[in-house]
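Colleague: For reference, the chains in residue letters:
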Amino acid sequence: MPQVTLTVNGKTSTVEVEGRTLLVELLREKLRLTGTHVGCDTSQCGACVVHVNGDSVKSCTMLALQAEGAEVTTIEGLAKPDGTLHPMQEAFREYHALQCGFCTPGMVMSAIDLVQKHPQGLSEKEIREGLEGNLCRCTGYHNIVKAIAAAQEVMHGRRSELASAAE
Amino acid sequence: MNAVTPFEGIGASVKRKEDLRFLSGRGQYTDDINRPGQAYAYILRSPHAHARIAGIDTATAAAMPGVLAIYTGADTAGLGSIPCGWQIHNKDGSPMAEPRHPMLAEGKVRHVGDQVAVVIAESRAQAKDAAEAIGVDYDVLPAAPTLDAAQVPGAPLVHDGVAGNICYDWHIGDKAVNDAAFAAAAKIVTFETTNNRLVPNAMEPRAAIGDYDTTTGEYTLFTTSQNPHVIRLLMGAFVLQIPEAKLRVVAPDVGGGFGSKIYHYAEEAIVTWAAGKLGRPVKWTCERTESFMSDAHGRDHITKCSLALDANGKFLGLRVHTQANMGAYLSTFAPCVPTYLYATLLAGVYTTPTIYCEVTAVFTNTVPVDAYRGAGRPEATYLLERLVDIAAAETGIDRVEIRRRNFIPNDAFPYQTPVALQYDSGNYTATLDAALQAADWAGFEARRAEAAKHGKLRGIGCSTYLEACGIAPSAVVGSLGARAGLYEVGTIRVHPTGSVTVLTGAHSHGQGHETTFAQLVADRLGVPVAQVDVVHGDTAKVPFGMGTYGSRSLAVGGSAMFKAMDKIIAKGRKIAAHLMEASVEDIEFDRGTFRVAGTDRTKALAEISLAAYVPHNYPIEELEPGLEETAFYDPKNFTYPGGCHIAEIEIDPETGKVSVVNFTAVDDVGRVINPMIVEGQVQGGVAQGIGQALLEHAVYDADGQLLSGSMMDYTMPRADDLPLVGVATHTTLCTHNPLGVKGCGEVGAIGSPPAVMNAVVDALKSYGVRHIEMPATPAKIWGILHAGRKLAAE
Numbered sequence: 001m002p003q004v005t006l007t008v009n010g011k012t013s014t015v016e017v018e019g020r021t022l023l024v025e026l027l028r029e030k031l032r033l034t035g036t037h038v039g040c041d042t043s044q045c046g047a048c049v050v051h052v053n054g055d056s057v058k059s060c061t062m063l064a065l066q067a068e069g070a071e072v073t074t075i076e077g078l079a080k081p082d083g084t085l086h087p088m089q090e091a092f093r094e095y096h097a098l099q100c101g102f103c104t105p106g107m108v109m110s111a112i113d114l115v116q117k118h119p120q121g122l123s124e125k126e127i128r129e130g131l132e133g134n135l136c137r138c139t140g141y142h143n144i145v146k147a148i149a150a151a152q153e154v155m156h157g158r159r160s161e162l163a164s165a166a167e
Numbered sequence: 001m002n003a004v005t006p007f008e009g010i011g012a013s014v015k016r017k018e019d020l021r022f023l024s025g026r027g028q029y030t031d032d033i034n035r036p037g038q039a040y041a042y043i044l045r046s047p048h049a050h051a052r053i054a055g056i057d058t059a060t061a062a063a064m065p066g067v068l069a070i071y072t073g074a075d076t077a078g079l080g081s082i083p084c085g086w087q088i089h090n091k092d093g094s095p096m097a098e099p100r101h102p103m104l105a106e107g108k109v110r111h112v113g114d115q116v117a118v119v120i121a122e123s124r125a126q127a128k129d130a131a132e133a134i135g136v137d138y139d140v141l142p143a144a145p146t147l148d149a150a151q152v153p154g155a156p157l158v159h160d161g162v163a164g165n166i167c168y169d170w171h172i173g174d175k176a177v178n179d180a181a182f183a184a185a186a187k188i189v190t191f192e193t194t195n196n197r198l199v200p201n202a203m204e205p206r207a208a209i210g211d212y213d214t215t216t217g218e219y220t221l222f223t224t225s226q227n228p229h230v231i232r233l234l235m236g237a238f239v240l241q242i243p244e245a246k247l248r249v250v251a252p253d254v255g256g257g258f259g260s261k262i263y264h265y266a267e268e269a270i271v272t273w274a275a276g277k278l279g280r281p282v283k284w285t286c287e288r289t290e291s292f293m294s295d296a297h298g299r300d301h302i303t304k305c306s307l308a309l310d311a312n313g314k315f316l317g318l319r320v321h322t323q324a325n326m327g328a329y330l331s332t333f334a335p336c337v338p339t340y341l342y343a344t345l346l347a348g349v350y351t352t353p354t355i356y357c358e359v360t361a362v363f364t365n366t367v368p369v370d371a372y373r374g375a376g377r378p379e380a381t382y383l384l385e386r387l388v389d390i391a392a393a394e395t396g397i398d399r400v401e402i403r404r405r406n407f408i409p410n411d412a413f414p415y416q417t418p419v420a421l422q423y424d425s426g427n428y429t430a431t432l433d434a435a436l437q438a439a440d441w442a443g444f445e446a447r448r449a450e451a452a453k454h455g456k457l458r459g460i461g462c463s464t465y466l467e468a469c470g471i472a473p474s475a476v477v478g479s480l481g482a483r484a485g486l487y488e489v490g491t492i493r494v495h496p497t498g499s500v501t502v503l504t505g506a507h508s509h510g511q512g513h514e515t516t517f518a519q520l521v522a523d524r525l526g527v528p529v530a531q532v533d534v535v536h537g538d539t540a541k542v543p544f545g546m547g548t549y550g551s552r553s554l555a556v557g558g559s560a561m562f563k564a565m566d567k568i569i570a571k572g573r574k575i576a577a578h579l580m581e582a583s584v585e586d587i588e589f590d591r592g593t594f595r596v597a598g599t600d601r602t603k604a605l606a607e608i609s610l611a612a613y614v615p616h617n618y619p620i621e622e623l624e625p626g627l628e629e630t631a632f633y634d635p636k637n638f639t640y641p642g643g644c645h646i647a648e649i650e651i652d653p654e655t656g657k658v659s660v661v662n663f664t665a666v667d668d669v670g671r672v673i674n675p676m677i678v679e680g681q682v683q684g685g686v687a688q689g690i691g692q693a694l695l696e697h698a699v700y701d702a703d704g705q706l707l708s709g710s711m712m713d714y715t716m717p718r719a720d721d722l723p724l725v726g727v728a729t730h731t732t733l734c735t736h737n738p739l740g741v742k743g744c745g746e747v748g749a750i751g752s753p754p755a756v757m758n759a760v761v762d763a764l765k766s767y768g769v770r771h772i773e774m775p776a777t778p779a780k781i782w783g784i785l786h787a788g789r790k791l792a793a794e
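First to last, the protein sequences are chains A and B. Heads up: the first sequence begins at 1 in the numbering used here, then just goes up one per residue. Heads up: the second sequence begins at 1 in the numbering used here, then just goes up one per residue.
No lab work stands behind these hints, which were simulated from the structure alone. Just so you know, even glycine gets a beta-carbon here, dropped at the ideal spot from N, CA and C. Any given hint could be a false lead.
Unchecked claim - For each label pair, taking beta carbons as the anchor points, the in silico distance ranges come out as:
1) A:Asp55 to B:Val400: 49 to 55 angstroms
2) B:Lys453 to A:Arg158: 33 to 39 angstroms
3) B:Ala449 to A:Glu161: 40 to 46 angstroms
4) A:Gly19 to B:Asp713: 27 to 33 angstroms
For reference, chain A alone in the conformation it holds in the complex (with noise of 0.2 angstroms):
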């Protein structure tokens, strides 16, 4: 069985997987990290968006040997080790963005990208739009959207910390 080696939230790894295992399965099964979540199987739904050397991508549409050198960041590697969470983390939490919990994974790694790819901002018209790729059945948006615009405040540095849910 072929090797693909590769290095997740900072941990090498080598592993033995089919030529058909998918990045995702790769994660949840051989690496144990469930923290990434499979939704659909046709691409839609964005449960389980990782970030592959810097850019968010949805680890069902991606086969583990592609993945060979690669860097990989899954929600477990989010927080710093003394469990400050991202400010996204912390957004997601202050603005009630999340219900059952089973899109936040996928809707908090791509929101981070999103974020990081627009230093000027997203208005939340934008905000909206990139989000195309991520379902949620349970919030109805509203507050994952407040949590991003709250979010992308802290992460470009214009407050040192999260506006609260109340103001």
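Use these hints to put chain B onto chain A, whose structure you have.
Modeller: Relative to chain A, chain B alone:
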């Protein structure tokens, strides 16, 4: 006296306790669980809507790598039928048709996706590979995939023994009184409509792991369920004949349900049974394409109705005939959805004195149809609120005014409707007025004119809805055909040092119970939210429970906790009286502190609990040690949330696309425990309602193939399909439960579809449009706008 700082009790928007694990990837959903020695199941499903199985050849597949076993209906034919939890009776008093629902198809398949065989192998991929090598010899039969196709003379029979495919023919109301009202009417408005079939599509696909302990003979099922105790009862008692004591059902973190995870599904029984046969854990995880053809769908009604009015626009009577699609088999709640959760809601918020409703439930060659967010109540509300708007248009009475004229007045509660329900409280004028103001209804015509300048068609619409939830009084539902009680169970365990564990039979799959329920304890017992742990979803931990659906968790489950806290406080007062050498009658309790009335002598709850578990100085002759109480709460009535939803939409005539530009919800959900969570529930429900109105439709072709069978074909609402949703509440308290709560989980999906469709019709009124069926897709709207016109390109 408030021991909790900052305030975390009833009315505080406490941030959710469950969020940290979900945000850091540490949630534990069923597919995240792996058992030692686990094998994998893959289910071979029927590609045909209707066929006889002439033979199944598993020899090649069985010899493939990693295959442990292949089972077909021949192996499971001796096991029980997947049971239905509700029996409806026909007009003549005879029971509904209730054909066998096998775990694996027995001689015939009845819908695309019906389970034909299960392959169990060392890996998921091996199981799937082997399933492809199974040869099934199908004799394909004509299919009856729609209500119309199933009821034409000579229609194919879904079940050989069910004549005409009729499951039941039911009615409610007094027909003679109703006929008399229509005979006396000044005006009769009629309306026919289809309530579009929907696929619930919780983001987590279903999954199940069966495990069998060969030493103890105990089975464990991990499953994506909204009600693990109900699954234990249905599967253990009716399908596999496993006594409760030998069957544990765990529903861990569950990624949304919306009704679709209430039901006992065949796959749960298959993996549990197979685990016993093989002596190994067996895991099955649904792929999304399988979800579309195996999760219970929602809605799918065709209805004709008439409203009788007097010369002043007062409603005199309502007459309804509904055909309801049951699908190929009866899912757990299916028969009650178009009857007791639908026809009983047809009074809505109006004083209509007589209502007569007939419902014909029909088997078809489709996936079973059952409760989906709102279940029956969205169908009733849509019918009624569209009908009222049509009546307004046809009588020339303003659509808000005609509603006001027919509202049940505030002094009429308790209000007995002509269709069985008795509403305890409400204020429909207040929610209407608040919504009209928040949505600036009065200023709409200016916005319509402004939009027209930009070539856009604007419309506004409202719905003044009511629903019945907090299900339900056991004796009442029992008399209506329910085969279970619908109480809830709560245990409050005060630990020796004063922290609290709550055990609840309700199940949280997004609702935030771990926070809301902790707030109930914080508010009453004065224990900080951080020191209250809420345990749910495990039959081995929680004494019993009926689960979460019908917006019942707080109204029924919360009330059970309230009763259990009553018992804790009563026992605590006795202990406090002993410790402070006072009489029990003199002990007051407020948020964690027991006090001798009129003195400064107090004992904190933690001191009482320590004494209860270390009973050195304790009234041991009268009281048992320990501080743990359980209560079963059976509701006295349904609860009746209501309110007003207003949608403002804009149509782009170039494309036919409808955009919701403003949405306002003012809901009366009773007392609000956590406003942040209530707003989130309403926003999510509204999103699903807008999805039904504008985007979503499960469509079968004439052969019974599901055309919208994936997320590439079935339009799920995305972030850029939806507006910000303004949510406000106006509270009247529920009068019959101790918390005064009504429920908020379904109101969004119930109130919103007619508000949106009333707005769409309003936008198109200059085109002479009377009604548009859901979903109002761009193609449909464009077709209306361009009907009769010759395209420039032609």
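Colleague: Does each hint fit the structure? Answer for all of them.
Modeller: How the hints compare with the structure:
Between Asp55 (chain A) and Val400 (chain B), the C-beta spacing of about 52 angstroms keeps the proposed range 49 to 55 angstroms intact. Range check, Lys453 (chain B) to Arg158 (chain A): about 36 angstroms between beta-carbon atoms, so the 33 to 39 angstroms window is met. For the hinted restraint 40 to 46 angstroms between Ala449 (chain B) and Glu161 (chain A), the CB-CB distance of approximately 44 angstroms keeps it satisfied. Separation of Gly19 (chain A) from Asp713 (chain B) is about 29 angstroms and conforms to the stated range, judged on CB atoms against 27 to 33 angstroms.
Hint compliance for this structure: every hint is met.
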